[in-house]
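Trainee: The residues making up each chain are set out below.
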Amino acid sequence: MNLAPETGSSATSPGVSDSWLRRNRQALAPWLFLAPGVIFFLFYVIFPILQSFNLSFYRWDGLGDPQFIGMENYRELMDDRAFEVSLWNNLKWLLLYLLAIPAGLFIALFLNQTVTGIRLYKSLFFFPFVISQVVVGLVFSWFYDPTFGLLNQVLAWVGLGPINVLGDPTLVTYGIIIAGLWPQTAYCMILYLTGLNAVDPEQVEAARLDGAKGAKMLWYVIIPQLRPATFVAFVVTIIGALRSFDLISIMTNGGPFGSSRVLSFYMFEKALSEYGFRMGYGAAIAVVLFLIMLCFIAYFLWSMYQDDKGAR
Amino acid sequence: MFPKPIQNSSRAWQTTYQALVPAALIMWLLPLIAVAIFSIKPEADFTTGNYWGVPSSFEGISNYGRVFFGSDMPRYLLNSVLITVPTVIGAVALSCMTGFALGVYKFRGNLLLFFMFVAGNFVPFQILMVPVRDLTLDMGLYNTKTGLVLFHIAFQTGFCTLFMRNFIRALPYELIEAARVEGVAEWRIFWFVVLPLMKPAIAALSVLIFTFIWNDYFWAVVLTQGAESQPVTAGITSFNAQYRAAYHLMSAGSIVAALPPVAMFFLMQRHFIAGLTLGAVK
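The listed protein sequences derive, respectively, from chains A and B. Take our numbering: the final residue in the first sequence is number 325, and no numbers are missing along the way. Take our numbering: the final residue in the second sequence is number 328, and no numbers are missing along the way.
Among the hints, a few may not be true.
[Stated by the list, open to error] Here are some of the chain B residues that sit facing chain A, going by a computed Cβ distance under 7 angstroms:
#1 Phe48
#2 Phe146
#3 Pro307
Treat the hints as calculated values from the structure; they're not laboratory data. For each residue, glycine too, the CB sits at the ideal point set by N, CA and C.
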């Protein structure tokens with residue numbers, strides 16, 4: 014940055030005596046501003062992605078020499094039962110996590126009033142998003158606890174239960190997803206509350222005069238205006254679903270019998286746990302996860318590009 | 047306004063609504079309320095099975111006292127601060143510059159670089175895990191706060207650049223052009239014209255990144271181990287192993303770990319929400 018020539022008050026007549034630097038400062042400046050950020054980002058984010066791709070063709074325990082084995086890791090993935098389970102669980106996460114969007118909209122509509130203290134209520138409703146997923150995971154594992162958990166107490170009142178959510182291979186993933194939906198719904202709620210603020214009151218009035226109300230109004234007048242909020246909610250929810258790791262690690266550690274694993278957790282387990290340091294195999298799992306995410310990333314970038322063309 | 051303002055509806059529905067909101071809030075926060083109550087209960091309540099009843103005595107002071115004076119918790123908290131604060135400063139500083147460059151200048155590859163930051167920010171952590179861990183090991187920074195901070199800065203720069211660039215693009219471009227006509231150097235335009243206008247964005251990003259980094263668990267586990275460098279999110283899990291059935295202490299510990307971002311949110315609420323909802327309103 015210091016290379017940028019000092020001008021300030023010395024704005025002499027442009028032309029003859031200008032140095033090369035000065036003449037090109039408009040072209041040079043952006044690169045000087047970009048350099049630290051871009052170098053850092055390339056070093057810690059972009060190169061590692063390429064390295065992971067490369068590594069997925071090797072067998073490596075993290076210590077000795079990596080041994081090139083071509084597509085062997087991927088071939089092994091095809092027959093890996095645990096990988097298949099993780100993939101299915103990722104799909105469950107993807108689909109069910111999207112429930113946060115309508116749930117968030119519902120709460121936002123519920124809270125979008127002007128009564129005393131509503132601002133405080135809105136922020137308190139947002140609470141779950143601000144605290145760490147580690148704490149959320151702990152809290153929910155107590156909530157589900159088969160011996161003293163609140164869930165079973167409630168079930169007992171209505172004559173049901175007891176169930177051991179986190180110990181049951183068929184229920185466990187749903188149990189964790191519900192824990193994850195809690196903060197995610199709060200996030201979507203905030204997005205929609207802000208979106209509702211920006212809804213055009215004149216349109217609402219006009220629609221009301223035309224006799225629209227309730228669900229019809231919501232569907233035909235309000236939701237179309239909430240499109241930007243829905244888009245952001247969709248992006249963060251998809252990313253959140255595919256990144257789910259903390260809750261699984263805290264609540265079940267992938268169990269019971271590996272039934273709550275997802276790709277992100279399975280990769281970690283393969284590469285960095287007592288079950289062995291299979292870096293290459295882990296990298297192959299990460300590549301699969303990355304490629305899934307890439308479909309969504311490409312879509313997001315494409316929509317951003319469409320938006321950008323409209324702007325300046 | 048939608049839905050219809052409550053003031054325009056019947057008296058009965060107004061009263062119902064006034065009662066419904068707090069009730070719903072209690073349901074919504076039930077898990078947290080339970081933990082808060084756990085944290086002030088005496089140990090005896092858990093051995094006698096009084097999990098959900100009224101605490102038989104108030105032990106908040108001794109429970110929290112044990113967390114602060116009888117465990118590694120203060121150490122973890124300090125680590126979290128020492129990791130989070132430099133990360134916030136670093137990521138915000140870098141992204142002010144990248145955001146300025148991408149938002150103000152027209153040059154070949156502008157959009158491409160911008161998309162690199164955006165895409166990198168959406169990437170699953172696992173694809174970075176093995177190489178970043180090796181990199182950190184090679185630099186001798188494994189199990190240090192510095193190692194964690196450097197990575198966090200780099201990664202968060204992706205998100206922050208997206209934010210800053212969009213913010214700068216919404217500023218009146220005439221200001222910059224006017225300064226150029228005056229012959230002001232580019233870095234002076236950045237420093238004296240654009241940066242002061244970016245204060246709201248800087249505030250929003252700072253709170254947001256603070257919360258993200260404070261709550262990070264994955265990288266803490268991958269890049270550090272042990273109490274001398276781990277942040278509180280990782281600390282709470284070793285705390286969990288140590289006090290497995292000591293629910294009162296675990297609860298107090300969880301509350302302590304959750305408090306700083308919560309406090310941050312309440313103090314800087316408007317900025318926080320402005321940051322989160324970037325792009326959600328057009």
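Trainee: Report holds or violated for the interface hint on Phe146 (chain B), using the least CB-CB distance to chain A and a cut-off of 7 angstroms.
Mentor: 6 angstroms, holds
Trainee: So, as I understand it, the hint says Pro307 (chain B) touches chain A; can you test that by seeing if any CB pair is closer than 7 angstroms?
Mentor: Cβ of Pro307 (chain B) sits 5 angstroms from chain A, so the hint holds.
Trainee: Was the hint right that Phe48 (chain B) lines chain A, CB cutoff 7 angstroms?
Mentor: 5 angstroms, holds
Violated hints for the displayed structure: none, as all numbered hints are satisfied.
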